[in-house]
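Participant: Produce the complete structure using the sequences and hints provided.
Residue numbers (the working numbering), protein chains in the order written: chain A, 1 to 290; chain B, 291 to 639; chain C, 640 to 1042.
If you are wondering where the hints come from, they were derived from the structure by calculation, not from laboratory data.
Worth double-checking, as some hints may not be accurate.
Stated by the list, open to error - Simulated crosslink set (EDC-like; lysine to aspartate or glutamate; CA at most 16 Å straight-line):
| hint | chain 1 | residue 1 | chain 2 | residue 2 |
| --- | --- | --- | --- | --- |
| 1 | A | 57 | C | 913 |
| 2 | C | 764 | C | 736 |
| 3 | C | 1020 | C | 953 |
| 4 | C | 808 | C | 837 |
| 5 | C | 764 | B | 463 |
| 6 | C | 816 | C | 848 |
| 7 | A | 117 | B | 588 |
| 8 | C | 695 | C | 953 |
| 9 | B | 584 | A | 109 |
| 10 | C | 764 | C | 782 |
| 11 | C | 682 | C | 709 |
| 12 | C | 1020 | C | 920 |
| 13 | A | 57 | A | 118 |
| 14 | C | 945 | C | 930 |
| 15 | B | 591 | B | 580 |
| 16 | B | 584 | C | 745 |
| 17 | C | 808 | C | 872 |
| 18 | B | 381 | C | 782 |
| 19 | C | 945 | C | 931 |
| 20 | C | 695 | A | 118 |
| 21 | C | 816 | C | 837 |
| 22 | C | 870 | A | 2 |
| 23 | B | 584 | C | 736 |
| 24 | C | 991 | C | 1032 |
| 25 | C | 695 | C | 913 |
| 26 | C | 870 | C | 849 |
| 27 | C | 836 | C | 812 |
| 28 | C | 682 | C | 976 |
| 29 | C | 1020 | C | 930 |
| 30 | C | 870 | A | 136 |
| 31 | C | 816 | C | 872 |
| 32 | C | 714 | C | 748 |
| 33 | C | 1003 | C | 981 |
| 34 | C | 1020 | C | 931 |
| 35 | C | 897 | A | 136 |
| 36 | B | 591 | A | 109 |
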Amino acid sequence: MDLLTFGVQLLNGVQYGLVLFLVASGLTLVFGILGVINLAHGAFYMLGAYLAYWIAKYTGSFWIALVGGVGISFLAGMLLENIFVRRLYGRDHLAQVLLSFGLILVIDEIRQIAFGKDVHSVAPPAFLQGSIQLTDVLSYPVYRLAICVFCLIVAAAIFYVIRQTRIGMIVRAGAENRQMTRALGIPFDKVNRYVFAVGIALAALGGIVIAPISTVFPGMGDHMLILSFVVVVLGGIGSVAGAAVGALMIGLTDTFGKVFFPTFSSFSIYLLMALVLLWRPNGILGQREV
Amino acid sequence: MAGSAAAAKDDSVLPKPSLLVQGLTVLVVAVAIALPFLAPSYYVQFATKVLLIGLAAMALNLVVGFGGLVSMCHAAFYGLAGYVLALTTPKYDPASLWLTLPLAVGTAALAALAIGALSLRTRGIYFIMVTLAFGEMLYFLFHDTTIGGGSDGAYIYSKPSVAIGSFVPLNLERANSFYFVVLGVVGLSILLLRALVQSPFGHALAAARDNERRARSLGFPVYRLRLTAFTISGALAGVAGYFAAAQYGFVAPQMLGWHLSAMLLVIVVLGGMRGVTGPLVGAVALLGFEEVLKSVTEYWKLVEGLVIIVLVFALPGGLRQLASMVLGPRAEAPAAEPALPAAGEASRA
Amino acid sequence: MTDDTLKSAFTRRTLLSGAATVGAAGLVSSFPRPAIAQGAPYKVGLMLPYTGTFAKLGQFIDQGMRLYVEQKGGKLGGRNVTFVQIDDESKPETATDNMNRLVGREKVDVVVGTVHSGVAMAMVKVARDTNTMLIIPNAGANDATGPQCAPNIFRTSFSNWQPCFPMGKVMADAGHKNVVTITWRYTAGQEMVGAFKEGFTAAGGKVVEELALPFPEVEFQALITRIATLKPDAVFSFFAGGGAVKFVKDYAAAGLNKTIPLYGAGFLTDGTLEAQGAAADGIKTTLHYADDLDNPANRAFLAAFKQKTNQDGDIYAVQGYDAGALLDIGLGGVSGDAAARDKMIAAMAAAKIDSPRGPMSFNKAHNPVQNIYLREVRNGKNAYVSVAQANVDDPARGCRMTA
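Facilitator: Now the structure itself:
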């Protein structure tokens, strides 16, 4: 493998990892701050992609689809938190597992009724449709590079909000010590609702951003969910920085795994997780027991 | 998973069955034995399937209900044992049950031991996610490699034989014989689980569920207790998977997938977690419901999803709770039991 | 309650009356149960994917089959026909269950299904065990008309070997010497690539590297980069459905379509062209059908299908349509008396069908003998280029009926 090919594969891995981060960061926020396990996270990733397809089909604009898809998912998140999830805070995780599994079945059927079961594709915005010539035969799609930039911007925004703002402070406090934050009289209910909705919106955003380079198909959320779990386990629950590290590790392991030992590329991800667990049971950047 | 001590009083001990419950048990056993003589073969096969899923759920309940550990990888043990049968069955001849069953169950137990040893270092959400991820690891082991036919799965062309030397007590190819063997296996497993739950081991396990810190300070080796329960539970799930593979004559990676693990959890909660046989009732209810639903509507998954959501909010104690609501004080034994999982009690305090 | 549930799962009557009650509550029953009168209709069990990835294929097969029966006035071989349908969801793990339901509970006379090879093989197993008539309208697993062949099992589609073997010669004739193959690592993929390799090496070509990824993964970027480093003369690929859409688009996005021509089994561009868009232009594939095949049967079929469903017919609809034609011939040969099984099978085995795909007959393993066409994607259509090989007969390796 020459240096250029290595570079391209490295880029492939990083790009994959960044999308994974986008999806997993929402999951880790919900885990860390609300203490809720949400198996339906992957279903919202899938729903986001279908919304993008549907809105883009009627408006012809990827940007409207992006904003609309994220908006709708955010509202859906608020609604779900209000109706269901709120009742499960502090209840045992089994109830959360069952609720989100029930939601998966429901969301899947709603998707089928609303959008059908066909495979679709979404066109990226016109100015991102070209590609950059790398070698005499290989060129790299501009949209893939744009995804990298976009994910980095979103990541920076998440870090900014968490580190630099008052909301972020509350969120961090909640992640550190739920009981104490509540005892201090901080409006936790509202924060909870927003955090859950943001988590859902991030999953949908991942689905929307990936839609132009992936295809939009019914089972697309399943694999993403499990990978996000692995990312969160690797990084440490509630740690956004940990999610970033975990996502990049998985992106690179998967990409180079495919090149060097193709049959074991998926397996190697879980092997990596097992090794990290032996070394640090609470994840690389995880501090507390959950 | 830390629960309140209040819920711990005596629910680890199985309640003394009332006359009504005893009568029902006799009736159910009688129906189960008479079934092959009354129902068409399709329903005998259906009953076999329900028994096997019920067995897997009862196995899972040893760690969920009695151990307080929400495992999301039990389908992996179930499927693994099935794959062992598929891999050890020659193409044209039956495999010997006496060799392959212990091998399959042993493999499932070993996998449970390894996964449990790692996963039990974690708690709560972490434990759920880690078991889920390890289950998926085994799924991908069979899905991505050619060990067992990859994503296409593998076929088992003949059911295992129970011949001892030249003596053949039963032909498992016959649906009725197969059903009776499964019925016997499930019966034995129930007796085993009951004995386990009522033994000092079972009490210690439940004590650790209700208050880990206290159990630890009382000198219980919590990690070892849980690992033992997890391993036994995995082995029993393997027993179910072995017979399921034999029944279908086919194994596919989906047998190890997390969707089945989640379904098993639904069955456990539906049937009630405080009894040994609750999950079996849950399996009958859920699979029977599915069977009816499938023939009625194309959107049966929507209905099933809604039912699961309702279950979480309205019936956290499962069908037992419903029974005690309907039957009122007459169903003394079930009504006397706390319906909610221990942690649920804690959160309300 | 628990007790009721117990019983209802165990006896057929409560199950059905329960179903009727819920049905009366306003839900549409997907199992219409016809009254059984004298001269009971011939009962066809359709076991197809009505949901999931292959849902569209299942619907087209279903509609093609029903179109044929409608054209014959609701009869096959002069006998009235009823349908029972069951959704196999393309899940092999529930295939045995579903098949048992059709055979054991619904007591169908024939099962028609399915798309997914794994499900089809489970159906083959049950069909062999219970000696049920089975017609496979899509799944191409070589084994179904190979080692697992049986007198009561027919196929109206193709074996995986069939559409790919002729491609070997086509690509060698086009001057390609070094070729990379790429597919999913599962039986269908391996059989298709294997058949292509067989044809290609026989014609003097060389397969430089066989790339594969797990089914149904769609993250192709790493392997596309690999193709760019290997720089072969051409690429042969097999993907279907969502994977086919994404692979074709990724291949074009990486700019490889300009320098390394992409070939494939027909499924790469069948039913997927709308989603693939311009990225699919110029891709050459081989299959037993082309959208614009110019023969009277095809023109009539496409017009009738459009009229019935308001959709454009495709190969899947044709395969369903031909399943109807094959049963028609079988039942016609015994004047509707399906009990005369041997005679019916003999009539079906000897069938010569004037299919929309061209002439079709059956080999000894009951797999179709048919033309394989070379097509090229032009303006969103799989346009006919030439007959890649006429009357292609699957070798039916391992089938004991060929001796």
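Participant: Verify the proposed pairing of residue 764 of chain C with residue 463 of chain B, using a straight-line Cα cut of 16 Å.
Facilitator: Holds - the C-alpha atoms of residue 463 of chain B and residue 764 of chain C are around 14 Å apart, at most 16 Å.
Participant: Given the hinted pair residue 584 of chain B and residue 109 of chain A, is their alpha-carbon gap at most 16 Å?
Facilitator: holds (14 Å)
Participant: Does residue 953 of chain C lie within 16 Å of residue 1020 of chain C when you go C-alpha to C-alpha?
Facilitator: holds (11 Å)
Participant: CA of residue 764 of chain C to CA of residue 782 of chain C, is that 16 Å or under?
Facilitator: holds (11 Å)
Participant: Would the hint linking residue 816 of chain C and residue 872 of chain C be met if the CA-CA limit is 16 Å?
Facilitator: holds (7 Å)
Participant: Compare the distance between the alpha carbons of residue 682 of chain C and residue 709 of chain C with 16 Å, and conclude whether the hinted pair is satisfied.
Facilitator: The hint holds at about 15 Å.
Participant: Taking only the CA atoms, is the gap from residue 682 of chain C to residue 976 of chain C under or equal to 16 Å?
Facilitator: Holds: residue 682 of chain C and residue 976 of chain C sit about 13 Å apart, inside 16 Å.
Participant: Compare the distance between the alpha carbons of residue 945 of chain C and residue 931 of chain C with 16 Å, and conclude whether the hinted pair is satisfied.
Facilitator: holds (14 Å)
Participant: For the pair supplied as a hint, residue 808 of chain C and residue 837 of chain C, confirm whether the alpha-carbon distance does not exceed 16 Å.
Facilitator: holds (10 Å)
Participant: Is residue 117 of chain A close enough to residue 588 of chain B, meaning Cα to Cα at most 16 Å?
Facilitator: holds (13 Å)
Participant: Would you mind confirming whether the straight-line C-alpha gap from residue 816 of chain C to residue 848 of chain C stays at or under 16 Å?
Facilitator: holds (13 Å)
Participant: For residue 836 of chain C and residue 812 of chain C, compute the direct alpha-carbon distance and say whether it is at most 16 Å.
Facilitator: Roughly 14 Å separates the two Cα atoms, so the pair holds.
Consistency with the previously given hints is maintained throughout, with no hint failing.
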